[in-house]
Amino acid sequence: MKIDRRSFLSLGIGVAAGTALSPLPWKLTDDLSIWTQNWPWTPVPEIGETSHVNSVCTLCPGGCGISVRKIEGRGVKIEGMTGHPVNQGGICALGLSGLQLLYGPTRIKTPLRRIGKRGEDRWEKISWEQAISEIAEKLDVLRTSGNSHTIAGIAGSRQGTVSQLFKRFLTAYGSPNFFHTPSCVDTYQLAFQYMNGVSGAPGFDLENADVILSFGSGLLDGWGSPVRMFKANTAWRKANAHVIQIEPRLSRTAAKADRWIAINPGTEAALALGVSHVLIKELLFDKEFVDSHTDGFESFVTSKGEMKKGFRQTVLENYSPETVARITGIDPSAIILLAREFAKAKAPLALCGKGQGIIPGSLAEAMAVHALNALVGSVNRKGGVFPMPETEIQVWHEVAMDSVAAVGINQTNLIGAPPNSPCGTNQIPAAILSGKGYPLNALFVLESNPLYTMADSKTVRDAFDKIPFLVSLSSFMDETARYADIVLPNHIYLERIEDAPAPTGFPKPVISLSKPVFKPQFNTKHAGDTLILLAKEMGGAVADAFPWDNFEACLEEVMGDKMKTLQEKGFWVDSDAAIPDWKAAFKTPSGKFQFSPAEATLGFVPVAIEGDSTFPLLLIPYETMRMAGGYIANPPFMTKTVEDTILKLNDSFIEINPKTAQSNQLSEGDFVVVQTSRGQARGRVHLEEGIMPGVIALPRGLGHTAYDGYIANKGINANQLIGPVQDPVSGLDAAWGIRAKLSKA
Amino acid sequence: MSELDGKSQTVSEIVVSSAHGQSGKEGGSGGVIVLFFFVGLVASLIVGWVLFPKALYSQKKQPIDFNHTLHNGLVGNGCESCHFFREDGSYSGVPKLAQCIECHEEAQSSDPEEIKFVEQFVKKEIEVPWLVYARQPDCVFFSHAAHVKSANMDCATCHGPIGESEHMKLYQQNRITGYSRNIWGENIVGIKKNTWDRMKMDDCSECHQKQKVLLGSVQTQKEGCFVCHK
Ligand code: SF4
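Line by line, the protein sequences are chains A and B.
Note that my numbering has the first sequence beginning at 1, numbered continuously upward.
Note that my numbering has the second sequence beginning at 1, numbered continuously upward.
Keep in mind that a hint or two might mislead.
[Said to hold, decoys possible] Capping the alpha-carbon separation at 30 Å, the derived lysine-lysine pairs in DSSO-like fashion look like this:
| no. | chain 1 | residue 1 | chain 2 | residue 2 |
| --- | --- | --- | --- | --- |
| 1 | A | K648 | A | K741 |
| 2 | B | K193 | B | K210 |
| 3 | B | K193 | A | K70 |
| 4 | A | K27 | B | K193 |
Keep in mind the hints are simulated off the structure, nothing from the lab.
Please model the complete structure; the sequences and the hints are all you need to start from.
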């Protein structure tokens with residue numbers, strides 16, 4: 001008997017065999033893997049009672065129904081609401097991250113008065129009573145001195161009872177200066193007004209279309225009601241519909257489309273007219289519709305006795321495939337094929353509004369695209385586009401104006417536009433700085449962040465510097481709130497009752513009800529209540545226009561019997577609303593669809609974007625579903641999903657074609673300074689085959705200077721580099737980009 | 001040539017000598033090797049089968065020894081009398097004090113457990129920290145309504161005949177995962193005799209796969225993961 005090394009080896013083998021034959025390793029493997037999922041620093045909700053509250057997401061104009069899961073009262077998850085007509089149970093990354101906005105560090109916790117310099121972020125806390133009475137006093141002084149028209153309001157949304165209440169406040173006070181954040185909806189509305197004779201937000205019956213020709217609309221990048229668009233895309237795939245994306249850059253929409261056609265930026269209208277040319281020349285258009293229900297197709301004599309060219313002649317003379325090819329950079333044969341495919345479809349539908357449609361865009365372009373739809377009969381029919389019937393969503397009693405208000409409201413507004421003209425919010429900074437009109441004495445900003453979202457942030461700030469009194473009704477310490485003199489923090493959407501009407505582009509009238517899913521986390525107030533309190537504090541006719549005890553009472557009154565359905569189901573759909581057919585649809589003087597309206601000429605009018613030949617490149621901003629680029633800034637969850645070819649550490653990447661990079665002696669990751677006539681910024685380049693040579697791109701949603709440490713000071717704010725360009729007819733911002741240059745940093 | 005021959009001779013010598021060496025030691029350490037092998041084998045089998053399961057779980061007593069049989073005899077609606085569905089269809093789980101108080105504002109017997117319950121919890125209005133045998137981790141979404149209401153399953157199918165127990169069994173907690181032993185099952189190898197012996201994901205899918213045709217079970221379709229893990 002000799003114990004040696006081999007005995008111990010044998011012992012080891014025995015242990016190994018025994019262990020393998022016992023449950024230990026297998027059970028331990030399982031347990032260890034579970035252990036890794038239960039590390040103490042992994043946040044897990046408390047154990048407790050689960051409940052769900054249905055509400056609506058108002059973080060974008062999508063209007064998705066949501067269902068919030070709570071455990072012992074604390075929100076743990078936001079999900080899409082099953083059975084909601086708009087999103088049918090789906091949700092997007094922003095909607096999903098809503099709880100980070102509720103609980104995150106960027107909320108304003110109490111009313112604040114500025115004590116430092118503007119934008120310095122030094123505040124003193126004040127009570128609501130103090131805040132309201134201070135503002136009321138200021139407003140009173142202005143009003144009694146006959147300056148009621150010198151205050152203005154900018155609201156984030158043009159719809160909804162809170163926005164209307166805001167407008168009502170200005171009316172009762174005596175100011176014509178209610179503005180909202182405009183979008184491509186405003187341009188569409190105008191196109192409808194001229195061509196259909198009916199104003200209304202656009203409804204797109206996308207689910208029933210079979211060839212979708214998108215002139216740069218980010219169908220899967222947040223255009224319209226984003227989740228609905230994802231669902232529509234699924235439906236298109238199942239139904240073998242064709243999506244054709246026209247865009248200078250390989251966006252996600254372009255990547256997922258059946259065909260992507262790269263086009264010189266800003267020349268989309270020319271392509272739409274080129275396609276019309278082929279349709280007319282090859283007699284592929286809907287003859288029945290054009291013959292019986294349209295006007296201005298053939299040349300005609302105006303009431304002044306002048307000969308005016310009709311749509312047919314204009315298009316045949318000026319927009320042959322060869323001409324259009326020169327403008328757009330697309331092959332003539334591709335244009336012809338595109339037109340034939342479009343005409344062959346049962347339900348072809350063309351749409352515009354670049355990216356998410358946050359820039360209103362060129363009216364001529366919207367009209368060219370709308371005319372193309374009319375040529376194939378895709379207006380006011382299944383699978384087509386139509387102005388949504390203007391149902392009276394809210395019913396208000398008239399404001400009884402006192403003499404001051406009556407005088408004030410009839411003044412021209414800040415930008416010198418007559419009443420009911422499109423909302424030229426983009427013209428405010430220039431109007432203030434030019435000093436031509438009257439000076440603005442106070443500005444109220446409700447759920448919007450013009451200092452970040454408006455083009456040319458620096459000019460906007462210069463203009464704001466001229467306004468002596470700036471009040472923000474934001475929930476978050478955004479750029480504008482930080483620049484304000486007084487901040488009246490609003491409840492966030494999960495804490496308040498509110499109506500969310502008409503999701504953008506949705507073809508049925510829908511209103512959803514936002515409910516207070518959570519008790520207010522901080523000393524905030526519903527903006528509706530704040531306005532009512534302010535009106536009451538002012539007294540007199542202003543107070544009389546606000547007879548409600550609180551916003552909820554106001555909402556109940558203006559919603560009427562819809563309120564019951566809203567409370568019970570969470571949404572209300574106007575099931576009686578039908579699309580008026582061709583015979584009844586058009587309210588133009590001739591009662592027909594108008595190809596050649598008197599107000600605006602159809603044709604390709606290039607948007608005069610800024611910059612001269614010293615700027616050899618074209619900078620286009622773009623939008624993505626992974627970045628919130630509006631009033632709401634990215635919550636941390638979303639920023640986590642941004643690729644590091646877009647943002648790495650704190651640097652933005654500027655997308656550039658390898659050829660362009662080469663001729664500028666740039667390679668992947670190089671630090672550069674991008675410069676435009678409006679400003680400059682430092683970033684890095686990312687080489688990408690999917691962008692046209694000569695074009696560079698930056699996403700919207702980065703480069704915040706306010707909010708919280710998760711999003712501030714990351715990357716470049718594309719808006720700061722771009723100047724607004726007024727559309728010659730609508731006056732709305734039509735700037736799709738700006739000329740730029742790059743230099744190595 | 002001669003060099004090669006020389007080499008081959010050396011190799012054969014080595015072979016022979018090593019063979020010789022082996023046979024020489026056979027009587028000496030062969031037995032020891034086998035013995036050591038078996039010692040290792042048996043020891044590790046004991047560790048794996050007996051000591052490990054004991055060491056893996058800590059044992060905790062329930063704060064109150066609850067008698068299901070007794071209560072079941074007194075209430076009118078079986079399990080659902082106390083483990084009920086709320087109006088919105090969600091499941092209430094283990095009863096809260098508020099429900100118990102309906103009958104137990106005062107002790108109804110001289111049972112020491114009941115008296116303890118009334119004195120320590122009811123009077124002080126403290127929720128009983130029950131240890132839940134069937135608690136699934138937070139990453140699992142489970143709907144009782146779908147199973148009990150829609151699919152008409154018995155509580156016992158997953159929970160066993162717990163309604164017939166007179167005492168609460170010891171709660172065993174896995175020291176590594178923190179889960180209740182009932183999730184993996186009493187049997188350390190994971191063998192089960194009854195449907196309620198284990199509650200791991202495999203056990204869910206076993207039933208769902210079997211019932212697929214019958215129920216059109218969503219969990220087995222595309223995006224099925226997100227039905228339970230959301
Ligand atoms: S699409 Fe818009 S409304 Fe819908 S969940 Fe996302 S952010 Fe909310």
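**OP:** Run the structure past the numbered hints and jot down the numbers of the failing ones, going up.
**Re:** 3
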